[in-house]
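Taken in order, these protein sequences are the chains called S and U.
What the first sequence shows, in the numbering used here, is residues 49 to 335, in sequence order.
What the second sequence shows, in the numbering used here, is residues 591 to 874, in sequence order.
Worth double-checking, as some hints may not be accurate.
[Unchecked claim] If the Cβ cut is set under 8 angstroms, some of the chain U residues that face chain S in the computed set are: (1) Thr688; (2) Pro690; (3) Arg694; (4) Gly695; (5) Phe698; (6) Trp706; (7) Leu722; (8) Lys724.
[Unchecked claim] In silico DSS-like links for lysine-lysine, alpha-carbon gap of 25 angstroms or less: (9) Lys870/U / Lys832/U; (10) Lys245/S / Lys647/U; (11) Lys240/S / Lys647/U; (12) Lys647/U / Lys689/U; (13) Lys689/U / Lys720/U; (14) Lys332/S / Lys707/U; (15) Lys801/U / Lys647/U; (16) Lys718/U / Lys801/U; (17) Lys609/U / Lys689/U; (18) Lys245/S / Lys707/U; (19) Lys634/U / Lys647/U; (20) Lys724/U / Lys742/U; (21) Lys240/S / Lys724/U; (22) Lys240/S / Lys707/U; (23) Lys609/U / Lys720/U; (24) Lys718/U / Lys689/U; (25) Lys647/U / Lys609/U; (26) Lys801/U / Lys720/U; (27) Lys718/U / Lys707/U; (28) Lys718/U / Lys742/U; (29) Lys240/S / Lys720/U; (30) Lys801/U / Lys609/U; (31) Lys724/U / Lys707/U; (32) Lys707/U / Lys331/S; (33) Lys720/U / Lys245/S; (34) Lys609/U / Lys707/U; (35) Lys742/U / Lys689/U; (36) Lys240/S / Lys689/U; (37) Lys647/U / Lys832/U; (38) Lys689/U / Lys245/S; (39) Lys870/U / Lys634/U; (40) Lys724/U / Lys245/S.
In case anyone wonders, no lab produced these hints; they're calculated from the structure.
No experiment lies behind these values; they were computed from the predicted model shown.
Beta carbons are placed, not taken as given, at the ideal position from N, Cα and C, and that holds for glycine.
Okay, here's what each chain looks like letter by letter:
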Amino acid sequence: MASTLPQSRVHADAVAPVAKLWRTLQILFFANRSATRCLSLILFFGIWQVLCITGFKFFINFQLVPSPWEVVGATVEFFTSDPGVHIRSSVSRVLLGFAVASVLGVILGLFIGWFQIIEDLMMPWLELLRPIPAVAWIPLAILIFPTAETGMIYITFIGAFFPVLISTIRAVENILHDIVLIRVGQCLGANKWFIFKDIVLPGALPGIAGGLTIGMGNAWFCLVTAEILAGRYGVGYITWESYVTSNYPPIVMGMLLIGLMGAMSSWAVGRGMQALMPWRVIKKQGA
Amino acid sequence: MRVGRETLTRVPKIESAVKGAVNVEGVSMIFGDSPQERLRHRGKTNQVLDSVNFQIKPGELACLLGPSGCGKSTLLNIIAGFVQPTSGYVMVDQQPVTKPGADRGFVFQQYSLLPWKTTFQNVELGLKIKGLPKAERQDIVGEYLNLVGLAKYRDAYPSELSGGMKQRASIIRALVNSPSVLLMDEPFAALDAQTRHMMQALLLNVWDTLKTTIVFVTHDIEEAVFLGDRIFVMGVQPGRIKAELSVPLPRPRQLDDMLTPDFTQISRQVFDLIREETLKSMEN
Ligand SMILES: Nc1ncnc2c1ncn2[C@@H]1O[C@H](COP(=O)(O)OP(=O)(O)O)[C@@H](O)[C@H]1O
Ligand SMILES: [Mg+2]
Chain S
49 MASTLPQSRV HADAVAPVAK LWRTLQILFF ANRSATRCLS LILFFGIWQV LCITGFKFFI
109 NFQLVPSPWE VVGATVEFFT SDPGVHIRSS VSRVLLGFAV ASVLGVILGL FIGWFQIIED
169 LMMPWLELLR PIPAVAWIPL AILIFPTAET GMIYITFIGA FFPVLISTIR AVENILHDIV
229 LIRVGQCLGA NKWFIFKDIV LPGALPGIAG GLTIGMGNAW FCLVTAEILA GRYGVGYITW
289 ESYVTSNYPP IVMGMLLIGL MGAMSSWAVG RGMQALMPWR VIKKQGA
Chain U
591 MRVGRETLTR VPKIESAVKG AVNVEGVSMI FGDSPQERLR HRGKTNQVLD SVNFQIKPGE
651 LACLLGPSGC GKSTLLNIIA GFVQPTSGYV MVDQQPVTKP GADRGFVFQQ YSLLPWKTTF
711 QNVELGLKIK GLPKAERQDI VGEYLNLVGL AKYRDAYPSE LSGGMKQRAS IIRALVNSPS
771 VLLMDEPFAA LDAQTRHMMQ ALLLNVWDTL KTTIVFVTHD IEEAVFLGDR IFVMGVQPGR
831 IKAELSVPLP RPRQLDDMLT PDFTQISRQV FDLIREETLK SMEN
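Let's have the full structure, built from the sequences with the hints guiding it.
This is the structure we're talking about:
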């Protein structure tokens with residue numbers, strides 16, 4: 049016992065600076081949530097850069113992957129030419145597709161969730177269409193729609209529509225399953241319409257919000273597919289075009305730009321829905 | 591949580607104590623017997639109630655007491671009109687019950703405030719459905735909130751209320767409608783013993799003020815004796831009224847009445863009645 053004591057003290061002395069560094073790091077990065085999030089991004093791009101510099105090759109191959117630095121170059125080039133027209137085209141396609149999908153998806157979902165007959169009339173063919181990937185719609189979109197623009201909006205619509213629809217239906221069904229809340233309305237003398245608007249609709253809102261957030265992401269998810277139809281403009285178009293011409297850094301830039309705009313708009317949708325549900329207080333583990 | 595007399599007198603009294611005559615005639619309930627259910631239950635039927643008869647007088651506080659699973663909730667749901675009996679019928683003030691209605695208020699065992707409405711918005715629901723103008727709703731709901739000591743919490747969401755507060759809000763949500771009869775399905779069963787006793791005293795206070803007829807379902811003997819004018823003891827398999835007894839304890843009753851020899855003696859009597867049924871329900 050006696051002999052281990054000095055040894056462990058030496059060990060502790062050697063560890064002290066490391067521990068101190070660790071403490072500093074903790075205070076810097078884990079004390080508040082935005083610092084934690086910054087750290088997560090720095091690590092992401094840092095590891096990516098290291099994999100590119102070292103030419104990592106073990107099952108997956110980073111030797112030809114553009115490094116973050118090269119992507120920065122492509123991004124600077126993109127933003128010094130005329131980025132507005134590309135971003136504007138893409139954002140408007142996605143937002144229009146998403147808007148139509150949300151309105152249609154929520155309304156249809158509420159009807160299908162509430163009325164048995166509408167479910168029986170609509171669900172068979174909706175379920176048939178649902179698994180069809182957006183890319184498979186391209187030929188038909190060209191045939192059906194009068195302009196390439198409307199065809200592209202349709203493709204982003206397809207991406208957003210089904211998550212919104214299915215989430216809304218399930219949300220209504222869940223609240224109908226919660227028979228006590230329906231009975232609360234009934235024994236206060238509420239008619240069907242009142243139960244729908246004061247109980248079913250607000251009760252379904254968290255589920256609908258989830259559907260809208262996923263739908264927003266999916267609309268961006270389908271952007272590259274949609275802009276295969278584009279002649280000149282769009283972030284997805286640049287990504288696709290750069291692939292066709294084997295120019296890799298802009299592809300990754302396009303991917304990241306879509307990721308960024310998608311994340312921001314999903315965040316905005318989430319925030320907006322949260323504002324509609326002030327009664328929801330969410331406390332997570334370790335928050 | 592003491593409720594002052596002066597706040598109580600401000601609540602508009604229900605003018606007549608003649609409302610709320612409940613007449614249960616030969617009510618039987620067999621689950622799994624309807625065409626839709628037959629499939630799900632694979633032909634296995636379950637007789638939960640067997641020709642239940644009883645009458646409740648207007649203004650009375652009647653307790654339905656029985657071990658869990660004896661069909662108390664089913665019976666109360668039938669009176670509320672949530673479910674239809676297989677045979678027999680229920681009349682409330684000479685009107686046959688066919689569907690739920692505002693003349694029969696209900697307090698559920700589960701917390702049932704709408705999570706997206708504040709206390710005030712939850713309580714005003716019935717008045718809003720009736721189409722009362724906003725100013726009037728504010729007045730009436732305000733008085734009821736005072737009556738149960740929730741005025742401070744009028745703008746709180748249910749997630750910010752304790753269990754006892756939620757049930758107090760549920761009680762006045764049913765009462766603002768001035769129902770003929772208030773149906774309560776083990777409303778205090780989920781509360782801790784302390785809160786439960788306070789709620790029982792508070793309910794008696796409210797009942798003293800409003801004189802609403804109450805059908806109170808419980809499995810707790812002391813609760814039934816403390817609250818009830820009459821106790822209907824239910825038997826199991828199938829559920830039926832096994833005995834009926836009046837509680838001769840004077841009113842108004844206080845919580846410490848539970849310590850008196852009279853109280854203990856009546857509880858003992860009910861306990862003997864119910865013990866056999868409890869044993870029977872545990873065997874199955
Ligand atoms: N919707 C239902 N379908 C089938 N069986 C039911 C249904 N509701 C209640 N039961 C059965 O009826 C019996 C009595 O239930 P309940 O009325 O809830 O009893 P209590 O409220 O006295 O505990 C139970 O055995 C239960 O399984
Ligand atoms: Mg029950």
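Numbers of the earlier hints that this structure fails to satisfy, in rising order: Of the numbered hints given earlier, those the structure breaks are 1, 7, 8, 10, 11, 19, 34 and 35, listed in rising order.
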